[in-house]
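There are 4 protein chains.
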Amino acid sequence: MSGNCFGKLFQITTWGESHGEAVGVVIDGCPPKIPLDEAIVQEMLDRRRPGGASTSTSRKESDTARILSGVFENKTTGTPIMIMVENKDAKSGAYKSIADLYRPGHGDITYQKKYGIRDWRGGGRASARETVGRVAAGAVANAVLNQNNIDVFSFTKALGSTIAEDFDRNAINQNMFLAADLNAAKMMEKEVVEVKKMGDSLGGIVEVRALNVPTGLGEPVFDKLDADLAKALMSIGAVKGVEIGAGFEAAKLRGSQNNDPITPEGFASNNAGGILAGISNGDEIIVRVAVKPIPSIAIEQDTIDIHNKPQKISIKGRHDISAIPRINVVCEAMVNLVIVDHLMRQKVLQSKRDD
Amino acid sequence: MSGNCFGKLFQITTWGESHGEAVGVVIDGCPPKIPLDEAIVQEMLDRRRPGGASTSTSRKESDTARILSGVFENKTTGTPIMIMVENKDAKSGAYKSIADLYRPGHGDITYQKKYGIRDWRGGGRASARETVGRVAAGAVANAVLNQNNIDVFSFTKALGSTIAEDFDRNAINQNMFLAADLNAAKMMEKEVVEVKKMGDSLGGIVEVRALNVPTGLGEPVFDKLDADLAKALMSIGAVKGVEIGAGFEAAKLRGSQNNDPITPEGFASNNAGGILAGISNGDEIIVRVAVKPIPSIAIEQDTIDIHNKPQKISIKGRHDISAIPRINVVCEAMVNLVIVDHLMRQKVLQSKRDD
Amino acid sequence: MSGNCFGKLFQITTWGESHGEAVGVVIDGCPPKIPLDEAIVQEMLDRRRPGGASTSTSRKESDTARILSGVFENKTTGTPIMIMVENKDAKSGAYKSIADLYRPGHGDITYQKKYGIRDWRGGGRASARETVGRVAAGAVANAVLNQNNIDVFSFTKALGSTIAEDFDRNAINQNMFLAADLNAAKMMEKEVVEVKKMGDSLGGIVEVRALNVPTGLGEPVFDKLDADLAKALMSIGAVKGVEIGAGFEAAKLRGSQNNDPITPEGFASNNAGGILAGISNGDEIIVRVAVKPIPSIAIEQDTIDIHNKPQKISIKGRHDISAIPRINVVCEAMVNLVIVDHLMRQKVLQSKRDD
Amino acid sequence: MSGNCFGKLFQITTWGESHGEAVGVVIDGCPPKIPLDEAIVQEMLDRRRPGGASTSTSRKESDTARILSGVFENKTTGTPIMIMVENKDAKSGAYKSIADLYRPGHGDITYQKKYGIRDWRGGGRASARETVGRVAAGAVANAVLNQNNIDVFSFTKALGSTIAEDFDRNAINQNMFLAADLNAAKMMEKEVVEVKKMGDSLGGIVEVRALNVPTGLGEPVFDKLDADLAKALMSIGAVKGVEIGAGFEAAKLRGSQNNDPITPEGFASNNAGGILAGISNGDEIIVRVAVKPIPSIAIEQDTIDIHNKPQKISIKGRHDISAIPRINVVCEAMVNLVIVDHLMRQKVLQSKRDD
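Protein chains in written order, with the numbering used here: chain A, 23 to 377; chain B, 23 to 377; chain C, 23 to 377; chain D, 23 to 377.
Please keep in mind that the hints were generated in silico from the structure rather than gathered at the bench.
Certain hints may be false.
Identical copies carry no separate label here, and so any pair may be met within one copy or between two of them.
Below, simulated DSS-like cross-link-like pairs (lysine-lysine); rule was C-alpha separation at most 25 Å, straight line [to be verified]:
(1) 218 - 338
(2) 97 - 113
(3) 218 - 113
(4) 110 - 97
(5) 219 - 338
(6) 338 - 118
(7) 369 - 55
(8) 97 - 135
(9) 118 - 97
(10) 334 - 135
(11) 97 - 369
(12) 219 - 334
(13) 338 - 110
(14) 135 - 369
(15) 55 - 118
If you're wondering where the values come from, they're calculated on a predicted model, not measured in any experiment.
I would like the entire structure built from these sequences, with the hints used as guidance.
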């Protein structure tokens with residue numbers, strides 16, 4: 023029950039630090055006989071690897087996934103699946119100069135105060151590198167979702183001040199920002215260039231959607247599907263907000279506007295984001311997260327050192343300009359994990375029903 | 023691990039349906055020797071009782087709390103605390119006419135499809151009446167927080183289209199909408215009158231703040247303080263979004279704007295909402311939730327019945343115009359529960375530290 | 023996760039003290055649409071009520087079960103089931119004289135040292151009265167097992183020095199000691215009379231068997247079926263040992279004697295007690311528990327008071343001579359709970375299998 | 023919550039199969055700043071390595087432990103600790119001939135029926151090799167116990183028909199059977215030689231004791247210290263029974279004999295085995311387990327194949343004659359894990375107490 027486990031039936035435990043020997047995950051509870059090999063995991067991992075977009079760090083990690091247990095003859099066996107990625111391009115030297123400084127917007131100060139000790143190399147456990155384990159597990163979850171015909175995908179809804187109004191799923195992989203809107207992508211590129219020049223960074227909004235999710239997933243009153251999605255997504259480093267369906271906009275609507283009328287063919291609108299009373303309603307699941315700008319910036323900032331002395335800091339390492347778009351696949355992985363977990367939880371009830 | 027338990031060390035299980043015999047909660051893990059009696063619970067329960075504001079239902083429940091275990095000579099004993107409130111003014115007759123209809127925006131349809139059976143009286147388990155258990159537990163959590171000098175409070179940030187820009191904590195209990203801004207409260211009153219006349223309903227935004235939360239609460243990488251707050255709040259019936267600190271606004275800021283500079287006296291700003299890398303940083307915890315408009319409206323809506331036939335529905339029961347302000351104390355209770363749980367989790371580590 | 027919850031999918035939380043207002047249980051995770059009413063619960067509760075056998079206390083509790091939630095029109099709804107029994111014949115006065123004394127063999131001293139406070143009336147939470155909640159939950163579990171054709175029963179294997187060698191299931195309800203051997207029952211009666219005269223008490227051995235348990239229940243490597251049975255049974259107040267199948271006798275056997283040969287028709291013997299590698303093998307589940315003698319005896323004993331002063335104590339309340347046979351139904355209830363929990367856990371996997 | 027996790031605050035997840043690439047464990051919740059390096063883990067692991075006693079297999083594994091996360095500059099950081107041991111001397115070829123046979127007394131048949139698939143190489147996940155992860159975690163738990171001055175040790179109480187009556191702690195490491203009685207050890211040697219010749223195997227009894235365990239550990243009513251010990255030990259492959267203190271003998275005693283009198287200096291006897299009402303009483307914790315004989319024997323046995331056809335089987339691999347004494351350190355590791363978990367759980371309460 024410690025903080026590095028997630029999920030109830032499809033339960034994962036991630037481990038590893040940014041500049042330790044390796045990062046990885048143990049998946050306990052994956053159903054048996056699911057087709058799985060390292061290539062399936064690698065494909066999803068490759069989507070979070072640095073270097074893909076102009077917003078990303080130049081750290082070069084091949085991030086090769088090794089499955090060390092739980093798979094026999096390319097099928098899961100129902101036993102724990104351990105997946106590991108070695109850290110190869112970790113350059114801790116670059117961090118030595120700031121080992122005694124608390125970087126603003128980072129967990130340096132809170133980790134130190136919580137644990138009384140911290141691995142300062144590359145942010146240690148608080149590094150985004152921890153998400154390697156999440157994505158590897160998300161790939162396994164996806165293998166289970168595939169068997170249930172469930173389709174989860176993500177895209178960039180906003181980057182900095184640029185909001186993508188259009189939605190064209192085909193566009194997502196045609197631009198490096200993973201926007202579903204090619205015009206918006208062009209404006210994002212402009213904004214990135216400008217911000218990079220200033221030594222600053224950008225936030226944005228990621229949207230994740232899930233298609234073909236069966237009705238009935240979610241366990242009221244606390245483990246509601248939206249509650250677990252909120253936790254899953256808010257647990258990602260840079261995320262500061264989560265909303266379902268109409269989300270914060272719903273606060274401004276009247277009941278007559280916000281309610282989704284029900285017809286024999288389904289819901290006439292989807293302000294609910296596919297979830298009613300915490301249970302999937304058969305419609306598309308829609309969730310958005312607010313991503314804060316990367317805190318590591320070249321612009322000089324005020325901070326303190328571990329002796330509580332005021333200091334100036336300017337961070338010059340290999341840092342992303344924005345967590346977007348590398349964070350998108352992490353959000354998607356977390357949604358995969360929540361849905362597969364609830365799919366399994368619902369199976370318990372279904373097998374008991376005679377209707 | 024089923025869906026009606028919340029918390030890891032301070033763990034609650036709520037039970038009961040809107041029109042069943044009673045609703046209540048069992049609290050397992052409350053520390054011993056905390057001063058507690060029924061009056062303490064009653065005081066917080068009274069804040070969620072209907073009838074307080076012009077937005078609220080006319081259902082009259084005295085909601086008298088009885089503590090049936092876990093307290094001896096007005097102190098907790100470390101054993102489970104069971105608190106129960108009987109349902110007295112439940113008028114199920116009013117619901118019989120809609121027993122076969124799925125109310126739009128409600129859990130009727132999803133409960134039926136999930137469980138294959140539902141207690142349709144008053145919304146059953148999906149009713150806001152379930153939150154009686156949450157608030158009773160929140161009162162006990164608050165008794166523990168009091169001993170740690172932690173102060174949690176809530177207020178209405180927005181109701182419908184009215185946003186409260188000012189913040190005056192004293193104002194909160196001087197207006198029936200629990201806004202921290204008396205001018206905004208007046209405008210809210212106007213909007214409510216108008217909407218009521220139309221048979222429609224309103225949503226809004228609730229903000230919860232926690233003062234004096236010690237540094238170090240939160241358990242990365244999944245049980246981060248913000249992740250658990252997000253889950254806790256999103257698990258409340260009408261909530262569609264949760265944000266921490268600058269929240270969705272942070273998505274638009276640059277790193278240089280969003281980062282909170284660190285000084286020897288503390289943080290120079292609080293965009294982080296008191297949480298860095300999922301761990302409390304000693305600053306004020308700030309969280310906001312988006313509350314959707316009450317789905318029960320007099321205005322006629324399209325829906326279906328349990329035989330999948332199209333129907334019209336117009337809901338005329340004793341319903342609130344808005345979940346606000348009755349939901350505010352529920353939000354506060356959930357924040358209490360998360361903080362006390364993490365306070366206890368952190369004690370485990372602290373007792374091991376020599377610094 | 024605090025200590026008063028048991029089970030993973032069929033999860034119970036018991037609450038209440040011996041002389042508090044009531045004792046009870048919340049069951050979270052019971053499948054929907056299971057036929058259930060108060061009579062079903064009452065029938066099992068009546069089996070643990072004092073007064074049945076000459077070994078039992080004269081405390082007279084009608085122990086009337088009330089179901090306050092989770093059941094609608096005599097069927098479970100999938101929401102939490104709260105069952106409560108009021109304490110009516112609690113005579114705390116009798117305990118006042120020993121409020122400052124630690125009774126040998128009881129939890130008085132350990133509760134005081136653990137929590138720094140204790141409800142000394144009637145043993146408080148450490149009283150066997152807590153098992154009311156377990157048995158009520160066991161009755162609900164049994165309702166689920168019935169639907170799966172699983173049959174769990176218990177009997178007295180030994181009382182004091184009398185060991186029941188024969189096994190006749192029909193005999194169990196034909197003698198007040200619930201032995202499956204009427205001759206042994208007669209000898210037990212003799213031993214009880216003699217011990218009662220001396221103001222002393224007796225222990226014994228209870229055996230529980232489960233028929234028609236499907237192959238495949240149990241979740242290696244920690245939540246093995248036998249491991250969860252061991253925990254469930256050892257968590258009962260007076261139990262000091264648990265063994266499966268041949269149990270401690272297996273330690274003396276050779277592999278060639280202990281192994282159960284496998285034939286196309288099933289296992290040729292059952293030293294395994296129906297469990298191999300922690301997973302049910304389709305054979306009869308057999309488990310035995312060692313029950314210590316009731317610690318409350320009239321014979322004078324050495325002890326200390328809460329000020330650490332030496333004292334003499336002689337306990338004269340309304341006490342059982344032996345926890346047997348009232349404990350038998352408690353053991354059975356715990357086995358019910360473990361099996362139903364694992365039945366549900368296995369459903370998760372089965373629904374994924376195509377063979 | 024799946025079956026490969028153990029513990030609540032000090033939580034471990036083991037992973038790996040006998041002939042997979044590696045076996046290991048993730049420890050989530052280890053307190054920070056505990057001195058730890060690979061040598062500490064290796065020392066405990068070496069005690070379970072084959073080859074130490076005449077009862078053991080000739081499989082030669084160096085079993086070199088690697089710590090891949092959670093430790094920085096030889097101290098734990100409070101983040102997950104991953105420890106891994108590669109499988110190097112796995113000879114799966116030897117198992118191919120029995121891939122289609124269910125070995126009596128083994129989990130082959132139950133794993134196949136539960137999961138519909140199994141890694142048959144060397145017993146897969148059901149192999150005793152899985153305990154490498156338990157022992158590695160037990161070594162880390164021991165590092166925490168050391169800081170609390172708690173001393174856990176184990177010894178062989180019986181092997182086959184030989185019972186060790188004497189107790190001399192110094193003797194334990196002076197004989198290859200780890201008996202606390204050198205005379206008994208000699209008789210054990212004789213019995214082993216004889217049984218080996220016959221191609222048969224032996225069971226026995228292991229006792230674990232814990233000294234200096236503080237009063238107050240254990241969380242009634244389900245997570246009692248003895249209940250968690252019972253589960254922990256019964257989850258070990260070959261264990262068929264667990265008893266605390268007087269255990270099954272207590273069933274035969276009278277209350278006046280079994281009760282431990284309390285004096286100002288402590289308990290006058292220890293039939294309780296250091297646990298009262300599920301809470302440690304400050305006395306020595308004493309627990310014994312019944313170990314069944316190794317099921318892999320050269321003597322021919324009846325069994326079936328995966329097509330349900332009758333077959334003969336005679337197992338000639340590199341097998342131990344008895345799980346004892348290699349299992350002793352595994353029992354010790356499980357006791358370490360339970361005690362450290364409860365030590366941490368009790369810290370939560372202590373920090374709240376003012377007495």
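Here's how the hints hold up against the structure:
With identical chains, the CA atoms of residue 218 and residue 338 are at most 25 Å apart within one copy only, with a shortest distance of 12 Å there and 58 Å across copies. In the homo-oligomer, the alpha carbons of residue 97 and residue 113 lie at most 25 Å apart only across protomers (21 Å), although the nearest pairing inside one protomer, at 37 Å, exceeds that limit. In this assembly of identical chains, the alpha carbons of residue 218 and residue 113 lie at most 25 Å apart only when taken from the same copy (22 Å versus 56 Å across copies). Taking CA atoms no more than 25 Å apart as the test, residue 110 paired with residue 97 passes between copies only; the shortest distance there is 23 Å, against 29 Å inside one copy.
In this assembly of identical chains, residue 219 and residue 338 lie within 25 Å of each other by CA distance solely inside one copy; the values are 13 Å within and 60 Å between copies. With identical chains, the CA atoms of residue 338 and residue 118 are at most 25 Å apart within one copy only, with a shortest distance of 13 Å there and 57 Å across copies. Taking the shortest Cα distances, residue 369 and residue 55 sit within 25 Å of each other both inside one copy (17 Å) and across copies (15 Å). Only between protomers do residue 97 and residue 135 lie at most 25 Å apart by alpha-carbon distance; the minimum there is 16 Å, versus 44 Å within a single protomer.
Taking identical chains as interchangeable, the C-alpha atoms of residue 118 and residue 97 lie at most 25 Å apart only when they sit on different chains, with a minimum of 19 Å there against 44 Å within one chain. Taking the shortest alpha-carbon separations for residue 334 and residue 135, only the intra-copy value of 21 Å comes in at or below 25 Å, while the best inter-copy value is 52 Å. For the homomeric pair residue 97 and residue 369, the shortest alpha-carbon distances inside one copy (21 Å) and between copies (20 Å) are both at most 25 Å. Taking the shortest Cα distances, residue 219 and residue 334 sit within 25 Å of each other inside one copy (20 Å), while across copies they are farther apart (59 Å).
In this assembly of identical chains, the alpha carbons of residue 338 and residue 110 lie at most 25 Å apart only when taken from the same copy (20 Å versus 44 Å across copies). In this homomeric assembly, residue 135 and residue 369 come within 25 Å of each other (Cα to Cα) only across copies, at 13 Å, whereas the closest approach inside a single copy is 43 Å. Only between protomers do residue 55 and residue 118 lie at most 25 Å apart by alpha-carbon distance; the minimum there is 21 Å, versus 47 Å within a single protomer.
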